[in-house]
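*Asks:* Okay, here's what each chain looks like letter by letter:
There are 2 protein chains.
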Amino acid sequence: MPELRRDPIVGRWVIIATERGKRPSDFKMRVPAKKAGFCAFCNGNEYTTPPEIIANRPEGSEPNTPGWTLRVVPNKFPALRIERQLNTTGDELFSKMDGIGAHEVIIENPDHYLTLSTMPLRSVEDTLLAFHQRISDLKKDSRLKYALVFKNEGEAAGASLEHSHSQLIALPIVPKQVQEELNNSRHYHEANKSCIFCDIIRHEINDRTRVISENESYISLAPFAPTSPFETWILPKDHESSFVPDGKLPLLAQLLQKTLKQIDKVLDLPPYNMILHISPFEDESNEYYHWHMEIKPTLTKKAGFEWGSGFYINPTPPEEAAKFMRESGI
Amino acid sequence: MPELRRDPIVGRWVIIATERGKRPSDFKMRVPAKKAGFCAFCNGNEYTTPPEIIANRPEGSEPNTPGWTLRVVPNKFPALRIERQLNTTGDELFSKMDGIGAHEVIIENPDHYLTLSTMPLRSVEDTLLAFHQRISDLKKDSRLKYALVFKNEGEAAGASLEHSHSQLIALPIVPKQVQEELNNSRHYHEANKSCIFCDIIRHEINDRTRVISENESYISLAPFAPTSPFETWILPKDHESSFVPDGKLPLLAQLLQKTLKQIDKVLDLPPYNMILHISPFEDESNEYYHWHMEIKPTLTKKAGFEWGSGFYINPTPPEEAAKFMRESGI
Chain Y
1 MPELRRDPIV GRWVIIATER GKRPSDFKMR VPAKKAGFCA FCNGNEYTTP
51 PEIIANRPEG SEPNTPGWTL RVVPNKFPAL RIERQLNTTG DELFSKMDGI
101 GAHEVIIENP DHYLTLSTMP LRSVEDTLLA FHQRISDLKK DSRLKYALVF
151 KNEGEAAGAS LEHSHSQLIA LPIVPKQVQE ELNNSRHYHE ANKSCIFCDI
201 IRHEINDRTR VISENESYIS LAPFAPTSPF ETWILPKDHE SSFVPDGKLP
251 LLAQLLQKTL KQIDKVLDLP PYNMILHISP FEDESNEYYH WHMEIKPTLT
301 KKAGFEWGSG FYINPTPPEE AAKFMRESGI
Chain U
1 MPELRRDPIV GRWVIIATER GKRPSDFKMR VPAKKAGFCA FCNGNEYTTP
51 PEIIANRPEG SEPNTPGWTL RVVPNKFPAL RIERQLNTTG DELFSKMDGI
101 GAHEVIIENP DHYLTLSTMP LRSVEDTLLA FHQRISDLKK DSRLKYALVF
151 KNEGEAAGAS LEHSHSQLIA LPIVPKQVQE ELNNSRHYHE ANKSCIFCDI
201 IRHEINDRTR VISENESYIS LAPFAPTSPF ETWILPKDHE SSFVPDGKLP
251 LLAQLLQKTL KQIDKVLDLP PYNMILHISP FEDESNEYYH WHMEIKPTLT
301 KKAGFEWGSG FYINPTPPEE AAKFMRESGI
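Chain order of the listed sequences is Y and U.
Quick note: the first sequence, position 142, residue 142 per the numbering used here, numbers continuous.
Quick note: the second sequence, position 180, residue 180 per the numbering used here, numbers continuous.
If you are wondering where the hints come from, they were derived from the structure by calculation, not from laboratory data.
Incorrect hints may appear among the rest.
Note: identical chains are not told apart, hence a pair may lie in one copy or across any two.
To be verified - Calculated cross-link-like contacts (lysine to any residue; reagent style SDA-like; alpha-carbon spacing at most 25 Å):
(1) Lys22 to Glu83
(2) Lys176 to Pro63
(3) Lys35 to Gly154
(4) Lys22 to Leu269
(5) Lys96 to His112
(6) Lys96 to Arg12
As the structure is a computational prediction, the values presented were derived from the model and not from experiment.
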């Protein structure tokens, strides 16, 4: 019997279509092997990107020259632009504003053939630190309200370049998806005097069927009502509203890379999206919202039913997905 | 300069990325030519589908035999099932219910090689009438609250069979996406004493830049803040909250097929999704919600940014899309 499940955070329903019950081998989406050829993100080709914003490079090395281990550069084809006043126009029906914002690319490692799951753990740590540094810097721009960090791995997941990279888009509006999570978490906190994510973590640690892995500070789990098969969340076990991993960075990097290795092993190198959800700049430190990462392998298509309803059909129960991940041997 | 636009109905923002400004020829997504070979939806293969629910067939002809012009059958692999009590369990964090519902397939025409844009207009009319008949019938089941009719054309848009068909999923819950449209339309009506869709239609007819086509009873237009390039809506010009096209069916079929022909011509046979949004069963006749069809060519991918933010990046301003459609010569 299929099951309807309600996401506790945003109230969205998903259909867990048990009768379509898909095992990992039923999904045939594999990121093609990375190809040789000119790549703007490779060592030696720094001149082809806009000038770097920050980089990890040997002391004394000039910006935009080879030898770096991580670079952050503006997106050459930005969805939004930083240089303008923020003008709002329109009326109740048709409001619009200038597309102010930042769109940056985090090139995680100079090696063209590595992915976040195969690169040295140190690069994963550096990448997470770069997220934090860029968020902290962009926060100073009073026109901006939110920074969304995300990663698309594989063309099917929306990546236009195959060299492993993450992106950051800073926005003059708190995005709707985040605002819904914030609103509902705030209501939950008002009613229950606790953080909904903390309560979920407590429940999951006790129940264990959806827990995938954990270390001293972080936990990875399959959410109760995932929109995609094998969707995985990584959260700090203690309440933290904004992304400041501090001294715990190595533990976060370790769990993130372990999760991606599990996904690669179980699903045979699928395309995926990764998203970092944090509190908005203006309300960074609060008791109701808990930052987290969401990793969604791209295994199903958003089709007419999903577009029209906001419902999702997920053919793999999260309890089964978590079991496959736990038993992957990684 | 990119532009941020707010959808007047649900308040979702989209980025109209003018600098990526894509013309129709920049999108290279074409539905592959339909292949010969066994097809469960073809004339003569009626025995391979579950028994038909309704069909248009010559008088005296037996159900589930050849000779029909349209068939409605249960989906062989339904996302939801009709035969059960509706049980709800769980608590505030983890609520779930049995996957009660109906999942039906409307086989629009027996010819394997036709699409909704190339089949005889009469088949389009019959298809729309079948939507109405099935909705009216399912409405009698008190466990069900909503019926979503949709169509996926092309594998990239989620179609698993290439023979042209639409689907209907009836649900025990009003889906979130529809509920948001309903809530916001109701608020707008409370504040303005008018239907937001009627006001938009009035504005668009006056402005004309986003109007694509119209006839006596229906209008097609590019919405102000579309999530996808070339997204097109079809609406009745007069206020109608539920889908009862009555004597106007030929006019609706004509505008729907014209729109699909325009899309096929301008974008060279793209995959697409079509969605019918109506009022919920329990509130069929109201002054605030206006039924409509949304057609979304599958030209962009939902990637990390869209998943994480609920924002969409649309590289084609709707005013340009509408102009291409108007000037398609169809």
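*Asks:* The structure should be examined with respect to each hint, and the outcome stated for every one.
*Replies:* Status of the hints after comparison with the structure:
1. Lys22 to Glu83: between (48 Å within a copy, 23 Å between copies)
2. Lys176 to Pro63: Classified as neither; 37 Å inside a copy, 49 Å across copies.
3. Lys35 to Gly154: The answer is within: 12 Å in one copy meets 25 Å, while 29 Å across copies does not.
4. Lys22 to Leu269: Answer is within: at 17 Å inside a copy they meet the 25 Å cutoff, but 31 Å across does not.
5. Lys96 to His112: neither (39 Å within a copy, 45 Å between copies)
6. Lys96 to Arg12: between (27 Å within a copy, 11 Å between copies)
The earlier numbered hints that this structure contradicts are 2 and 5.
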